[in-house]
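Here the protein sequences line up with chains A and B, keeping their order. Per full-length UniProt numbering, residue 1 is the first one in the first sequence, and the count goes up by one each step. Per full-length UniProt numbering, residue 1 is the first one in the second sequence, and the count goes up by one each step.
Keep in mind the hints are simulated off the structure, nothing from the lab. Hints should not be assumed to be uniformly reliable.
Identical copies carry no separate label here, and so any pair may be met within one copy or between two of them.
In silico lysine-lysine, DSS-like type, Cα no more than 30 angstroms apart, as pairs [as the list claims (entries may be wrong)]: (1) LYS50 with LYS35; (2) LYS199 with LYS51; (3) LYS21 with LYS51; (4) LYS254 with LYS101; (5) LYS154 with LYS258; (6) LYS74 with LYS270; (7) LYS270 with LYS254; (8) LYS199 with LYS258; (9) LYS254 with LYS176.
Treat the numbers as computed from the prediction; the structure is a model and nothing was measured.
2 protein chains.
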Amino acid sequence: MKNIYAIGIGLIGGSLAIDIKKNNPDVIIHGISRKQSTLDEALSLNLIDKKATLDDLGNADLVIVSIPVDATVKLLPTILDKISDNGLVVDAGSTKLDICKAVENHPKRRNFLAMHPIAGTEHSGPSAAISGLFQGKTNIVCEVEKTTFKLQEKALKLFSDIGMRIRYMNPEAHDKHIAYVSHLSHISAFMLGKTVIDKERNERDIFDMAGSGFASTVRLAKSSPEMWTPIFKQNKTNVIETLEEYISNLTHFKELMKSDDFDAIFNEMKNTNHIKDILNGIS
Amino acid sequence: MKNIYAIGIGLIGGSLAIDIKKNNPDVIIHGISRKQSTLDEALSLNLIDKKATLDDLGNADLVIVSIPVDATVKLLPTILDKISDNGLVVDAGSTKLDICKAVENHPKRRNFLAMHPIAGTEHSGPSAAISGLFQGKTNIVCEVEKTTFKLQEKALKLFSDIGMRIRYMNPEAHDKHIAYVSHLSHISAFMLGKTVIDKERNERDIFDMAGSGFASTVRLAKSSPEMWTPIFKQNKTNVIETLEEYISNLTHFKELMKSDDFDAIFNEMKNTNHIKDILNGIS
Chain A
1 MKNIYAIGIG
11 LIGGSLAIDI
21 KKNNPDVIIH
31 GISRKQSTLD
41 EALSLNLIDK
51 KATLDDLGNA
61 DLVIVSIPVD
71 ATVKLLPTIL
81 DKISDNGLVV
91 DAGSTKLDIC
101 KAVENHPKRR
111 NFLAMHPIAG
121 TEHSGPSAAI
131 SGLFQGKTNI
141 VCEVEKTTFK
151 LQEKALKLFS
161 DIGMRIRYMN
171 PEAHDKHIAY
181 VSHLSHISAF
191 MLGKTVIDKE
201 RNERDIFDMA
211 GSGFASTVRL
221 AKSSPEMWTP
231 IFKQNKTNVI
241 ETLEEYISNL
251 THFKELMKSD
261 DFDAIFNEMK
271 NTNHIKDILN
281 GIS
Chain B
1 MKNIYAIGIG
11 LIGGSLAIDI
21 KKNNPDVIIH
31 GISRKQSTLD
41 EALSLNLIDK
51 KATLDDLGNA
61 DLVIVSIPVD
71 ATVKLLPTIL
81 DKISDNGLVV
91 DAGSTKLDIC
101 KAVENHPKRR
111 NFLAMHPIAG
121 TEHSGPSAAI
131 SGLFQGKTNI
141 VCEVEKTTFK
151 LQEKALKLFS
161 DIGMRIRYMN
171 PEAHDKHIAY
181 VSHLSHISAF
191 MLGKTVIDKE
201 RNERDIFDMA
211 GSGFASTVRL
221 AKSSPEMWTP
231 IFKQNKTNVI
241 ETLEEYISNL
251 THFKELMKSD
261 DFDAIFNEMK
271 NTNHIKDILN
281 GIS
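The following block holds chain A by itself, in its conformation from the complex:
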């Protein structure tokens, strides 16, 4: 592996570039971005060795696509058009069904591996990229059987070398479950932030009263709308389902409070407390 192209060099693309370069010092990391300023920043942060454009992809051994999921759907067929027969393209999107569908009939489908490295934070852009981001994290791989075996092997070695565990899943299951354990958390945090900001708009120093608990619960409301809007759009059906269940649980909690049923309130919390054990496995 000699020439790696990173399309999108933010938190995920940039962090992948750092760790892959560390394990493979001889590779050349080529950066591609719509924005010159992003490329300049990525160069100055040593995330990439060279600037490039889509027209350079012919000599790519690996192309890593880490851009908003709507851009991935649009661009992926073009990327596959341009790579050689031995090139591998992977994506890192937080949705998998629309992305897999976008290339299901592409003549180079076997050169593509659909992935979701679950390592996002609320930060974005080249300056958010860090070494070690993927250590101990899970990489979901979808439709592995549709990728040339040799290219699968190449990708899996690369990603296990940077510390990731691999799990296999079909795109439908990925999108359904990720709506619960990731997408819903983001909406929950954004709307919590909105509720408190709206209320306390004229009393800014009320936030002196906010402790680490509030900061933790609302942390994801710092996330990038550019990245998250297309995720919610592509995963609309699943996300709406999670929202309906969440709203129904909150409404039930409110009704229990209104009817002074604090024994039931206690049980609601007690029954959820074992999230402790579940979270123990998450860094």
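Here the structure of chain A is known, so what remains is to put chain B in place on it, guided by the hints.
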């Protein structure tokens, strides 16, 4: 100050005991708890120097009450009955109105200072107590004018010595604002945890897909139901108001998704993004 009594020796009481003892090595920390096992644990962790009972309070220079807020309301009059004219009683409850009301006509009202040191975490019990918990945190003091000036001074020195900033507020305002910046976060986290656990009950390894974002958003769902049920009960009206606004914002977000208005979804997130600046002030 010689004899300090800690009634309740969990996260807050225990952490206060550690830091106060560090700054005042000559004081004797007496521990009081309903449970012998808590006292034994607190002794073995060196949080307290001695076990005590309510009948010993006559020689107390300071009594720190850090127990569930319903127990505080019940016990506070008895505690005031038992202390000397120079004794100071402070509480650390997450509600202030019912607690202040419980002693508003008590003959020793001037020996009580109502406080809320905002330093809780999702952990509880003596083993959760740590040094430095209060460093840089806010301590809300209510109805300061109702406490003897000399005792105010004593308390404020003690709490600024352990690193706290003091803010003054009336109990009604405290309970209203804390519902937004603390109580609502807990319900949001508990119900998020419930929604995901209910859905994924039969697919435990789905939680492999959960990243640090989910862990952060749901963290407060580890909190103690014993502590939080009486908080919700005492602050019922304010908490229900926050829940109604939160549910309304979530429902609006869902409706925007259903009607494919993703420009509005983008704006909802963009408008909340400045929570970044607000959170910068919170450790």
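We went through each hint and held it up to the structure:
{"no.": "1", "hint": "LYS50 with LYS35", "result": "within (14 angstroms within a copy, 66 angstroms between copies)"}
{"no.": "2", "hint": "LYS199 with LYS51", "result": "neither (46 angstroms within a copy, 45 angstroms between copies)"}
{"no.": "3", "hint": "LYS21 with LYS51", "result": "within (16 angstroms within a copy, 60 angstroms between copies)"}
{"no.": "4", "hint": "LYS254 with LYS101", "result": "between (41 angstroms within a copy, 25 angstroms between copies)"}
{"no.": "5", "hint": "LYS154 with LYS258", "result": "neither (58 angstroms within a copy, 41 angstroms between copies)"}
{"no.": "6", "hint": "LYS74 with LYS270", "result": "between (46 angstroms within a copy, 24 angstroms between copies)"}
{"no.": "7", "hint": "LYS270 with LYS254", "result": "both (17 angstroms within a copy, 28 angstroms between copies)"}
{"no.": "8", "hint": "LYS199 with LYS258", "result": "both (21 angstroms within a copy, 26 angstroms between copies)"}
{"no.": "9", "hint": "LYS254 with LYS176", "result": "both (27 angstroms within a copy, 17 angstroms between copies)"}
When the structure is compared with the earlier hints, violations turn up for hints 2 and 5 and for no others.
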